Amino acid sequence: MIWHPIVLSILVCDSFVFFLLLFSMKPLFQVILHWSPEDSSQRQLALEPRFEVATIQNILAFFLFSCSTILIFFAISSVLPATIPGAMCGTGAMEAMGAHGIRALITRFMVLTLFYIFYQLFLIARSTPRGRFQTQIAKILILVFPILLLSIYETIQAFWGINMATPVDCCAAIYDTIRAPSGGSVFNIYTLPAWLTRWGSPFFSVCLILTAVLSKRRQWLLIPISLFWIMASYVLLINHLLPYHYGVLSHSCPWCIFGVEHSFQGFPILFCMLAVTWACIKIVLSRYAANRYSKPTTLIFSIFLFYAFSSWPSVIWYISRGTWIQS
Amino acid sequence: MNHIELKSLSFHREEHPNHKLLDQIDRSFSAQSPVLISGETGSGKTTLMQILAAMRRPVSGECLVNGEDVSRWSSGFRDDWRKSIGILPQSPLLMDHLTVLENIMLPLLNQKGSLASIVDRAEQVIGHFNLKHRQHLHAKKLSGGEAQRVGFARATIVKPNFLFLDEPTAHQDRKGLDLIMDSLQEQKGVGCMIIAVSHDERLKEMPFFEHNLELTEGKLKER
Chain E
268 MIWHPIVLSI
278 LVCDSFVFFL
288 LLFSMKPLFQ
298 VILHWSPEDS
308 SQRQLALEPR
318 FEVATIQNIL
328 AFFLFSCSTI
338 LIFFAISSVL
348 PATIPGAMCG
358 TGAMEAMGAH
368 GIRALITRFM
378 VLTLFYIFYQ
388 LFLIARSTPR
398 GRFQTQIAKI
408 LILVFPILLL
418 SIYETIQAFW
428 GINMATPVDC
438 CAAIYDTIRA
448 PSGGSVFNIY
458 TLPAWLTRWG
468 SPFFSVCLIL
478 TAVLSKRRQW
488 LLIPISLFWI
498 MASYVLLINH
508 LLPYHYGVLS
518 HSCPWCIFGV
528 EHSFQGFPIL
538 FCMLAVTWAC
548 IKIVLSRYAA
558 NRYSKPTTLI
568 FSIFLFYAFS
578 SWPSVIWYIS
588 RGTWIQS
Chain W
85 MNHIELKSLS
95 FHREEHPNHK
105 LLDQIDRSFS
115 AQSPVLISGE
125 TGSGKTTLMQ
135 ILAAMRRPVS
145 GECLVNGEDV
155 SRWSSGFRDD
165 WRKSIGILPQ
175 SPLLMDHLTV
185 LENIMLPLLN
195 QKGSLASIVD
205 RAEQVIGHFN
215 LKHRQHLHAK
225 KLSGGEAQRV
235 GFARATIVKP
245 NFLFLDEPTA
255 HQDRKGLDLI
265 MDSLQEQKGV
275 GCMIIAVSHD
285 ERLKEMPFFE
295 HNLELTEGKL
305 KER
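Residue numbers (the working numbering), protein chains in the order written: chain E, 268 to 594; chain W, 85 to 307.
So here's chain W without its partners, still in its complex pose (with noise of 0.2 Å):
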């Protein structure tokens, strides 16, 4: 079972040492419950985020990841784990020269199979988040929602053991909500641990996160 342990996990800014973005965080996440987690602007969302996925390194305390501290792990470690999540970030950091079919095989390419069954996996996908009329169109030219929906279901098509996104729902109408919704259920009966980070209203009254925490001067309360 997939499951997150944050041990008095701490972290500041090099040149703001006094500001604690988390102040001694124990908390602990399982693949069972998602979890959502608000908060105001630069409450430090966004960076927890980015421990919880081995991008940044504590200051002190520990982030076990199935029991492994990943973001003290040595690059080529951490560079195999990072095959087995799926992030989606803040902007969704796609490709502008490539097409959306192509943006949504990236992270296929350095696994084991033929092109002709990545091709097949992405367009399933593709199909799944209704971008079918989209797929042989550049990146560049998507709105800000497509945009968003690409890089979900790039960073889903990994069949990843953990999944954490950032602002998922960002320009979404209540139509990209549902498709959404549908995949994220979709990752939890697999077993998925999924961990959002959000301020859209929307998300706090779904019922499918069952921990909705918020972040506030560096800790992690329930809401």
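Isolated chain E, as found in the complex (with noise of 0.2 Å):
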């Protein structure tokens, strides 16, 4: 176990958010049994205002769970690879962390992306005021602490397998025997065809858009074509657009980005990658609110902000030395 101040920081952030959803599950428990909006009985009298302060409680601790998500990727990626023997940047730290470490990090998304689903039907039922979506608010949320608490579990697992005593390989040679033909899983990203890796990403960029805008009865689809677009972009970006970053020829890292070195420019790439997602979701859960269906501002200027943030340095090198870094 490592006792940072940051690990320690999140820990207790993660602590709030456990607790706040724990002394929220039994008046979302009763909404799930008893709510029936017309009705003027006692129980449900009471039951309104127990129901309203469970969101509030909900609402904070999205927000509370998205800055200790904040966190535990600028540990990973600036403060423990200091501390780490080997470790030079966040694959370093995810290594000593061990399964773990990436099982935590996949549940925290999870839970993310419930939480925004949550925070989205809120808004739809506070849209009208005859407000709606109550029995699946506390559905969700109810969902919520299960994965929640496995997030936790795996966090403090992760945190408390790291061995200070044992060294770890840095990320030049964990990507090289991966990007090895023969070193690779079986899905391995980085020796399929360059076409695909390299187009991927624009093509489902191009379904999302003309789903968003033309679709108004199969807007459904813009969430599975979001994951695709996420795994074709995340190709892209290690395959095609991070070496530009780098200033190297070849190097992988997904993790280096989000260093000093590199202004954190992996920040503001992850975000762009989740809002994409997130606005197909508050698209496809629009037709349900007030004003019937959401624009795709949103999704359009995050693809654009995301091919922004990844791609400038590409072009600058492209137009200082005349060529790619990859033919």
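Everything labelled a hint here was simulated from the structure, so no lab data went into it.
Here the structure is a predicted model, which is why all the values come from computation and not from measurement.
Don't be surprised by glycine CBs; every beta carbon is placed ideally from N, CA and C.
Among the hints, erroneous ones may be present.
[Claimed, not checked] Derived pair list, reagent style SDA-like, types lysine to any residue, alpha-carbon separation capped at 25 Å: (1) W/K167 <-> W/L148; (2) W/K167 <-> E/P396; (3) W/K167 <-> E/L275.
[As the list claims (entries may be wrong)] Facing chain W, according to a computed beta carbon distance under 7 Å, are these residues of chain E, among others: (4) S307; (5) E319; (6) P396; (7) G398.
[As the list claims (entries may be wrong)] Partial chain W-side listing against chain E, Cβ under 7 Å, derived: (8) E98; (9) R141; (10) F161; (11) L185.
The task is to assemble the complex, starting from two chains supplied on their own in separate frames and drawing on the hints.
Put into structure tokens, the structure is as follows:
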């Protein structure tokens, strides 16, 4: 275990989130069992303000959990590598954390996405005088709780598992091994054909924008397409765009970009990737809102910003040198 | 034009389902015609007032305020709507630890405007109700009649669209009654809808109230 102040801050933040959610569970279960908005019984009248308090508690929990997730990214990319022997960036810290590190991040994004869905439904419920979706909101928040527990458990295990006595490999060594055709996994994203890794993300971007602008009935398609977009954009980023940021011919580390050496550029890029998925969720849910349809402006703007933040060094490279890094 | 429509409005307490305080009331009120409702103690006057002000929800039927059943709105919308109404409860519910001026300013604090403009407006209202000499006194030191007038001033300071008054003239002498009637006349002049509940015989004789209703056995009847 590493007792760094940032680790303690993350654990304190997570504890607050846990207790905020725990104390909202009873009214949320009561909403699922007894909610009846037209009823004038004492039980319903008492339940309404308690549900209101529970939703406000969970908005605060959403905010705190977002803060602790940003802190985790900052800790992994900039703080822990300085204390773990051999680590030079987040890749080393993640290696020291073992499987718990990646599981903690995946479960965190699941919790944040569910919190975001809850928040959008909360806004929709607030957009009409006769609020709807109370039972759906309660079900989502109850679903968040076990995933949150898992996420906190994985986070504690990840920090607990850091062994300061055992050195880890630096990112260059790790990714050189993975990039070798024989060294990767079954789905080796580093050995996919260049046309696929280069054009996958723009293709799905066009699909997202066309679906958002043209389709009113099949907007649910935005959710799976956005997931494909994230995977394709990640592949594009590590195979083609990050080497320009690092200024070397071949370096595929997704963590170095979060470091101070690269002005924390990973944070806005990651935020844009999340914003694309969240904009899609917002568009899909907006059909239930009072004004019916959400404009795809946020989605298009997030996609544009993602490409702007991730590809500006490649454009500068090409203008100054007259050639791309890879043919 | 502000108006209220009661459609088959019924209410009973959960513990006494057979004793209907309000029984299938159908009636509409408009801002042009102020309403006075009287009735015996326990006849349901205060309950009706609370339903009109969306502080209670009817067991069945609807209470449509400008066409909307506000009592069944979600709490955020109900809170917003309450900013546009004035309520004077039976007991004025003043904050004892605040002064008269501060009590009257309270409803304006969550609205737009500088603190200085809020103080100016509160001082105007205080002057109107002849409470200037009491404005820096704590509310707990007021007499019953003065406390009722402060409650009334607090209800009207927001320039409400609807004014719901429960025993507005309690503990008032003739001078206090005239001050309140002057203020009600002013409110009516700006299109505010006024519904008062009272036992006060003096109010029943006032021509100001165009509808003089009596609540008996859950029904509203013209006197």
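Results of checking the hints against the structure:
1. Between W/K167 and W/L148 the CA atoms are separated by roughly 17 Å; this keeps the pair inside 25 Å, and the hint holds.
2. With a C-alpha separation of about 15 Å, the suggested pairing of W/K167 with E/P396 holds against the 25 Å cut-off.
3. For a cut-off of 25 Å, the pair hint linking W/K167 to E/L275 is broken: about 44 Å separates their Cα positions.
4. The interface hint given for E/S307 holds, since its Cβ lies 4 Å from the closest Cβ of chain W, which is under the 7 Å cut-off.
5. The restraint placing E/E319 at the interface with chain W holds, with a minimum CB-CB distance near 5 Å, inside the 7 Å limit.
6. Nearest Cβ of chain W to the Cβ of E/P396: about 4 Å, under the 7 Å cut. The hint holds.
7. With a cut of 7 Å, the hint placing E/G398 at the interface with chain W holds, because the nearest CB-to-CB distance is about 3 Å.
8. Interface hint status for W/E98: upheld, as the beta-carbon distance to the closest one in chain E is roughly 6 Å, under 7 Å.
9. Using the Cβ-Cβ criterion of 7 Å, the hint placing W/R141 at the interface with chain E is satisfied: the shortest such distance is roughly 4 Å.
10. Taking 7 Å as the C-beta cut-off, the interface hint given for W/F161 holds, the closest approach to chain E being about 4 Å.
11. Nearest Cβ of chain E to the Cβ of W/L185: about 31 Å, over the 7 Å cut. The hint is violated.
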